[in-house]
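Novice: Sequence:
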Amino acid sequence: MNDFLSNLSTYIFWILYVYIIISIIVVILLENRNPAKSLIWVLVLIFLPVIGIIFYAFVGQDFRRKKIISKKSLHRLNVHANFDYYRNREQEKDDLPVGVKHTIMLLEKNAEAPVYGQSKIDVFTSGAETFDAMFADMEAAKEHIHVEFYIVEPDEVGHRFRDLLIKKAKEGVRIRFIYDYLGGFGMKKRFLKPLKEAGVYLHAFLPAIPYAGLSKVNYRNHRKLVVVDGKVGYTGGVNVADRYIKGNNLGLWRDTQVRFEGAAVHGLQNAFLIDWFFVSQKLISDLKYYPKPKTFPDLQNLVQIVGSGPDTDFENVMQGIVSMITSAQKYIYIHTPYFLPTEAILSVLQIASLSGVDVRLMLPEKSDTHFAQMATKSYLLQILGAGVRVFFYRKAFLHSKAIVVDDLVSTVGTSNMDFRSYEQNFELNAFIYDKKTASTLREAFENDLKQCKEITIEGWKRRKKKERLKDSFARLFSPLL
16 MNDFLSNLST
26 YIFWILYVYI
36 IISIIVVILL
46 ENRNPAKSLI
56 WVLVLIFLPV
66 IGIIFYAFVG
76 QDFRRKKIIS
86 KKSLHRLNVH
96 ANFDYYRNRE
106 QEKDDLPVGV
116 KHTIMLLEKN
126 AEAPVYGQSK
136 IDVFTSGAET
146 FDAMFADMEA
156 AKEHIHVEFY
166 IVEPDEVGHR
176 FRDLLIKKAK
186 EGVRIRFIYD
196 YLGGFGMKKR
206 FLKPLKEAGV
216 YLHAFLPAIP
226 YAGLSKVNYR
236 NHRKLVVVDG
246 KVGYTGGVNV
256 ADRYIKGNNL
266 GLWRDTQVRF
276 EGAAVHGLQN
286 AFLIDWFFVS
296 QKLISDLKYY
306 PKPKTFPDLQ
316 NLVQIVGSGP
326 DTDFENVMQG
336 IVSMITSAQK
346 YIYIHTPYFL
356 PTEAILSVLQ
366 IASLSGVDVR
376 LMLPEKSDTH
386 FAQMATKSYL
396 LQILGAGVRV
406 FFYRKAFLHS
416 KAIVVDDLVS
426 TVGTSNMDFR
436 SYEQNFELNA
446 FIYDKKTAST
456 LREAFENDLK
466 QCKEITIEGW
476 KRRKKKERLK
486 DSFARLFSPL
496 L
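Residue 496 is where the sequence shown ends in this note's numbering, and the numbering goes up by one at each step.
No lab work stands behind these hints: they were computed from the structure.
A hint or two may mislead.
[What the hints assert, rightly or not] Straight-line distance between alpha carbons at most 30 Å, and here's what the computed BS3-like set of lysine-lysine pairs gives:
1) K451 x K116
2) K480 x K381
3) K211 x K297
4) K135 x K124
5) K203 x K297
6) K185 x K309
7) K157 x K208
8) K204 x K157
9) K203 x K261
10) K124 x K451
11) K185 x K211
12) K297 x K307
13) K135 x K157
14) K307 x K182
15) K157 x K307
16) K297 x K208
17) K157 x K303
18) K476 x K465
19) K410 x K480
20) K450 x K309
21) K468 x K480
22) K157 x K182
23) K124 x K303
24) K465 x K381
25) K124 x K307
26) K185 x K204
27) K451 x K465
28) K303 x K135
29) K309 x K124
30) K309 x K182
31) K450 x K465
32) K204 x K261
33) K381 x K485
34) K450 x K135
Can you make the complete structure from the sequences, with help from the hints?
Specialist: Below, the structure is given as structure tokens:
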């Protein structure tokens, strides 16, 4: 009898297991994903019993298609409705090349990104100058400070940041702080407790707890932004950590951050309050958070603040970058710490280079993620073969996420050039149409070249077969890295 029950239980388990596997495969097929990705997941589910199902539950579901996180979009319409006068800046667009106009139109439609004109823009290329300026602006706050970071380390810079928030909260300034649950995992209760006690409004983004859904753990908030009184704002690649000032085992981290003053700050404010609505379920659209922007008539620039993530209909940031690259006539200079390109990005880079555009890609020689670096190396032969020039930054760790095209168009933000940034993370990029900013970023790139080693196609082909095989194996996991 015991044997019969044991055999019956085994049969029932396998029947249920096969049913679950078939059901998941049907869902994957109906989602009409990229065929290669679909095939990978089917193989994982078939050849990794039980583990495959667990892996799919955590990192395999496509929430952009399922719209499970789409409640965030409710807030977007409420806030943007108050600022329709930013949408149409036809006079400023008239002198732009057709390709650039197409990028602007694309981001207006796919990301609902208003066009902000005549903002003051400062570019920072070191952690020291970034934190000096950012902390000074926060110190000067009179009404509110909104901050959102992927990582805040409980180190010296992290404590300076925390103590400044506490100080301003005690002065009566309203502080709202969003941190990513996994990225901010180093912030223990003893680090956060003084913030709460001082009256800082604090929320973790998508905490890995049952009611939030463990299956969403793969979707992280990678955004970094600061808004002070609705008048000054920051975004870029810099997290709050000592590594940007003191360095770590990789050396001093090289990053890029932009400071906005004027109309463009409203775009950053809007991005933050959408995320605040998501984490707190509190709708904030009071016009006091959008004071009349200071104008800079002598600065003829345009800015779009573009968010992208599992809550958007399209891969907004990636599509904007594809459009930028397509519009290039002279050069494309790219900073990125990871290069795991989607087919769209890989294709347009090859086409641009083969068409005679000077395409240069700068990557760190050493990475904080060894497996991602291995996968990155597997893509280089394809772009080297198309004439793209590849440089390894050797001074320290290059964490900058910046692209500049033709001394006219640039983007700085939180998105790496990889699948995770374009398809899974919540990201934020500023698309800037400004000759001065583009020139500054180009000069910074050219200065960084002094610390680089150029990779040639002949040398890359001579790498050992064992090394190339390891890189190719890592590449199979590119969509998950």
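Novice: Take the hints in turn and mark each one as holding or not.
Specialist: Okay, the hints, checked on the actual structure:
For the proposed pair K451 and K116, the alpha carbon gap of about 18 Å is at most 30 Å, so the pair holds. A hinted pair counts as satisfied when its Cα atoms are at most 30 Å apart, and K480 with K381 qualifies at roughly 21 Å. About 18 Å separates the Cα atoms of K211 and K297, which keeps this hinted pair within 30 Å; it holds. The hinted pair formed by K135 and K124 meets the criterion: a straight-line CA distance of about 25 Å does not exceed 30 Å.
Distance restraint check for K203 and K297: the Cα-Cα separation of roughly 25 Å lies within the 30 Å cut-off, and the hinted pair is therefore satisfied. Of the supplied pair hints, the one linking K185 and K309 holds, its CA atoms being roughly 28 Å apart against a limit of 30 Å. Under the criterion of a C-alpha separation no larger than 30 Å, the hint pairing K157 with K208 is consistent with the structure, at around 24 Å. For the proposed pair K204 and K157, the alpha carbon gap of about 28 Å is at most 30 Å, so the pair holds.
Restraint check for K203 and K261: the C-alpha separation of about 22 Å stays at or below 30 Å, so the hint holds. Pair hint K124 plus K451 holds up; C-alpha atoms about 26 Å apart against a cutoff of 30 Å. Between the alpha carbons of K185 and K211 the distance comes to roughly 11 Å, so the proposed pair stays at or under 30 Å and holds. Between K297 and K307 the CA atoms are separated by roughly 23 Å; this keeps the pair inside 30 Å, and the hint holds.
At most 30 Å may separate the alpha-carbon atoms for a hinted pair to count; K135 and K157 meet this at roughly 20 Å. A distance of roughly 27 Å separates the Cα atoms of K307 and K182; the hinted pair therefore holds under the 30 Å criterion. Distance hint between K157 and K307 is fulfilled; the C-alpha atoms sit about 16 Å from each other, no more than 30 Å. Proximity of K297 to K208 is assessed by CA-CA distance (about 22 Å); at most 30 Å being required, the pair is judged to hold.
For the proposed pair K157 and K303, the alpha carbon gap of about 12 Å is at most 30 Å, so the pair holds. For a cut-off of 30 Å, the pair hint linking K476 to K465 stands: about 24 Å separates their Cα positions. About 28 Å separates the Cα atoms of K410 and K480, which keeps this hinted pair within 30 Å; it holds. For a cut-off of 30 Å, the pair hint linking K450 to K309 stands: about 21 Å separates their Cα positions.
Between K468 and K480 the CA atoms are separated by roughly 22 Å; this keeps the pair inside 30 Å, and the hint holds. Under the criterion of a C-alpha separation no larger than 30 Å, the hint pairing K157 with K182 is consistent with the structure, at around 12 Å. Between K124 and K303 the CA atoms are separated by roughly 27 Å; this keeps the pair inside 30 Å, and the hint holds. Proximity of K465 to K381 is assessed by CA-CA distance (about 17 Å); at most 30 Å being required, the pair is judged to hold.
Between K124 and K307 the CA atoms are separated by roughly 25 Å; this keeps the pair inside 30 Å, and the hint holds. Between K185 and K204, the direct Cα distance comes to roughly 20 Å. Compliance with the 30 Å bound is thereby established for this hinted pair. Only pairs whose Cα atoms come within 30 Å are accepted, and K451 paired with K465 is accepted, the gap being roughly 22 Å. Distance check on the hinted pair: K303 and K135 sit about 21 Å apart at the alpha-carbon level, within 30 Å; holds.
Straight-line distance between C-alpha atoms of K309 and K124 comes to about 26 Å, which keeps the hinted pair within the 30 Å bound. Restraint check for K309 and K182: the C-alpha separation of about 27 Å stays at or below 30 Å, so the hint holds. Simply put, K450 and K465 have alpha-carbon atoms about 23 Å apart, close enough for the 30 Å limit, and the pair holds. Pair hint K204 plus K261 holds up; C-alpha atoms about 25 Å apart against a cutoff of 30 Å.
Annotation: proposed proximity of K381 to K485 holds, straight-line Cα distance about 16 Å (limit 30 Å). Among the hinted pairs, K450 with K135 is consistent with the structure: their alpha-carbon atoms are about 13 Å apart, no more than 30 Å.
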